[in-house]
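Participant: What follows is the residue order along each chain.
2 protein chains.
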Amino acid sequence: MGMSSKRGYIQGKVIANCVGKRVFLNGGVARRPYSSVAEEYFPDEPSKPVVTSSQIPGPSSIKLTKELGRSFDSNASYFISDYFNSKGNYISDADGNKLLDVYAQIASIPLGYNNPALIETARSDVMVNALVNRPALACFPSIDYGKILSEGILAAAPKGMGHVWTALSGSCANETAFKAAFIYQNAKRRGSLDVSAEELASCMDNKPPGSSDMVILSFDKGFHGRLFGSLSATRSKPIHKLDMPAFPWPRAPFPQLKYPLKDHVKENHEEEERCLAELENIITKKVAPNKIAAIIVEPVQSEGGDNHASSFFFQSLRDITLKHEILLIVDEVQTGVGASGKFWAHEHWNLSTPPDMVTFSKKFQAAGFYFSDPKLQPKEPYRQFNTWCGDPSKALLARSIYQEITKNDLVTKTAEVGSYIYENLEAMFSKYEGHVQNLRGKNYGTFIAWDHSSPAERDQFISLCRSKGLNIGGCGSAAVRLRPCLVFGKKHADIMLSIIEDVLKTLRG
Amino acid sequence: MGMSSKRGYIQGKVIANCVGKRVFLNGGVARRPYSSVAEEYFPDEPSKPVVTSSQIPGPSSIKLTKELGRSFDSNASYFISDYFNSKGNYISDADGNKLLDVYAQIASIPLGYNNPALIETARSDVMVNALVNRPALACFPSIDYGKILSEGILAAAPKGMGHVWTALSGSCANETAFKAAFIYQNAKRRGSLDVSAEELASCMDNKPPGSSDMVILSFDKGFHGRLFGSLSATRSKPIHKLDMPAFPWPRAPFPQLKYPLKDHVKENHEEEERCLAELENIITKKVAPNKIAAIIVEPVQSEGGDNHASSFFFQSLRDITLKHEILLIVDEVQTGVGASGKFWAHEHWNLSTPPDMVTFSKKFQAAGFYFSDPKLQPKEPYRQFNTWCGDPSKALLARSIYQEITKNDLVTKTAEVGSYIYENLEAMFSKYEGHVQNLRGKNYGTFIAWDHSSPAERDQFISLCRSKGLNIGGCGSAAVRLRPCLVFGKKHADIMLSIIEDVLKTLRG
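From first to last, the protein sequence lines stand for chains A and W. My numbering numbers the first residue of the first sequence as 1 and each following residue consecutively. My numbering numbers the first residue of the second sequence as 510 and each following residue consecutively.
Any given hint could turn out to be false.
[Unchecked claim] Here are the simulated DMTMM-like cross-link-like pairs (lysine to aspartate or glutamate), alpha carbons at most 20 Å apart as the crow flies:
1) K147(A) with E576(W)
2) K375(A) with E325(A)
3) K285(A) with D714(W)
4) K237(A) with D703(W)
5) K286(A) with D714(W)
6) K207(A) with D722(W)
It is worth saying that the hints were derived from the structure and are not from the lab. Owing to the predicted nature of the structure, the values given are computational and were not obtained by experimental measurement.
The shape of chain A in the complex, shown without the other chains:
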């Protein structure tokens, strides 16, 4: 099986087992070791994948996909899932297969399938109340919304960010952040002047000066959503953008680093310097700084191929935005909520000042954006506004997700299991050169990815993994990304590593 690494990632040795607690040699009651969290949540989690159909999708999945397709677009369906029988890190399908899931609904399942803590939240009276009496939150906020936010979404806020606006999806989070940026920057541009009659009239005709000529700058290969504003900032693949009207917003190059990083220190630094210089050039020469309301960036460009940059790059980017009074929006829709080995991936950068806005969705179930400066909240009511302005039922889930992550120290544990996975993949991949390369995500939790030799081989790899009981996802043109949930432990990693090596052996032939 090739999984011979003996390196454990749990410090300390178990000397006694209490009910639900383990006592460690290295001092008192320690945090529970990683696998035991999954065991406590899911005592009946499968011990390994079960594949009984001759292929995945199996016959029941194929039949149900076809039936669903008569009224709902099921063209992108991998298989039909049986969430009732899914458990922890294992997703069940309509044919009774049980796959170890390291894709986790495109990185959006936080604590495993049918997590008992979330089930308890879902069954609670406050949840029922939130579901059947969905409020128009800006007009008629519920008596408990402040508390739900402060104990959950706001308790999890990045350092220095005490304000939040809630939304419904990653696209919607980014677009409401864009709106905050446009309102703020146009007010700044207007200064002490009142809004003019010409502005009020022209905006109704979608024309300047009332309709803003300001832009959002994004990076090549970035992904920020698929509604019309967010899609104009998205730059990962033509299939997202073809045939859609788009705003004439600029893009800047994002560093394309070479791996392994330790062997390309100088040229990677030069590549980042090149991108920063070109960014400055775009800001000052091609667009003009006072036309750029905000720059949006992902800590790791996920959909675009798991493209990383260094803390130096991001600190420099922050410095550039401060110099030109451009707002910095960090899109943590995919990177946020623990998987990177920090609760928020941008914590890796140790920025001198917090970003202006940080957007979230996916693993948090709730969506929205944090901000630090209260001026990013419009002075007038109804400017940042819509019917629902979020969803308390998702905010309740976010609260439980945050509390479970904290209670069980899942960020640290994800960092540890990520290191374990990375080191094992690094050792493994040295045997399969020509097939896999550019392993990346070291010290970045389970946010790990690599490239295959071609898009076709990548697709074949994913398909073969699935047939062996591993549900794994791609990104970029030829990359595979790991996105397990936060209760993915060493025992799960070992099974995943074993399947990956089996498939690589098959591909090598």
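Place chain W on chain A using the hints.
Facilitator: Same frame as chain A, but now just chain W:
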């Protein structure tokens, strides 16, 4: 109190009471009379409003709004709601006031607060499953999603529309409908040609030909949402649009009818003819028909002021879209799901062919768009796509909402109570000329509105109603709109009418 109308809206006379059923003279077991539905759902619904604080918002609401405002925008808050103690048509606030609610979370509460049927759904195992295992629906649909759709959202589909795409909000529903329109129309324009390399490259730079120069045409005073695409189609108020980038999309005039309709038949018809002629002119002279992907229209322009047009206007609009091969999107986000006296308001028009797409959200809790032609579903996967593609927890609520509406014949009952309200307001308003005018929404269920003499008096009217225990909402510049939920009966209407007249007396002085 002035509410002297004796006209009942229940046909037939009760001759016997069975358990949960009433037998009528006019034939067998008839449907339950309207008020009894509310009584059965809510045996402990308040019998009248209770206002104990000296003003609304009261001291607790003011305190909690201020606290919430430290981290969340609470500038638009009317009062803080206590949804735990709200019941049926009555919303409770943080000060213990109980208001009869004819605004219903901006027209988005379908069956009253804490409806027991929805509570049962919220407590069900399928709901818990949907909440804790939220799927990426396009990639990993759940085994029961087809069934949930077919028994709920699709069972409620407008005639002739067998396909649906699910989304998260009204804005998101309209924008995904726009995307379907752009994909369809650009494919038609491209004909048998393959997508060119130039198209694929240029769209990544937000430039034509890959980024489409096609447009969505909307109507003056229309409201279609507040994300960047939907906001470009929204034309109701500058506060929605100021400072936002907008696509150069055209708008056409929407008829401004005069009331009462029966006294302005000729000039209203001429007004509609004028608007239709100008629409044709815009299509053929100002834009070019093959540049317009779709026209979007509300059956009643709600946020824009409850502006109606006749079936003639809408049938003519449909004919124009068919002639020029432009898609027709009917935005039923606010008008849909029963309140208009039809399940879908566009059923009032008796169109010769169904619209191409119908969008929904609000009262259905679930959002999305229906479509009739399967060609509006892109051939390729991942073109109409995002992480969640809807939310099964909302689809479950929609199923229950549809089933309760059907079981209790709430659409017919809403039509009946709407007529009752309309006739009483008509009689009442004749006494307050100079204060209220342009009563509209006859035969349109509870979708009733009127204008006040000024925006200031309208605001004062709303504020006085609230202080007397009636939560009512405005729209347009000086209009008031009724948007009660579907269990609003004659007894509730009588209380509302009484408060409205009290306030009008106060305004008249």
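Participant: Give a verdict on every hint.
Facilitator: Verification of the hints:
no.: 1; hint: K147(A) with E576(W); in the structure: 10 Å, holds
no.: 2; hint: K375(A) with E325(A); in the structure: 14 Å, holds
no.: 3; hint: K285(A) with D714(W); in the structure: 18 Å, holds
no.: 4; hint: K237(A) with D703(W); in the structure: 17 Å, holds
no.: 5; hint: K286(A) with D714(W); in the structure: 14 Å, holds
no.: 6; hint: K207(A) with D722(W); in the structure: 16 Å, holds
Going down the numbered hints, you'll see the structure goes against none, and every one checks out.
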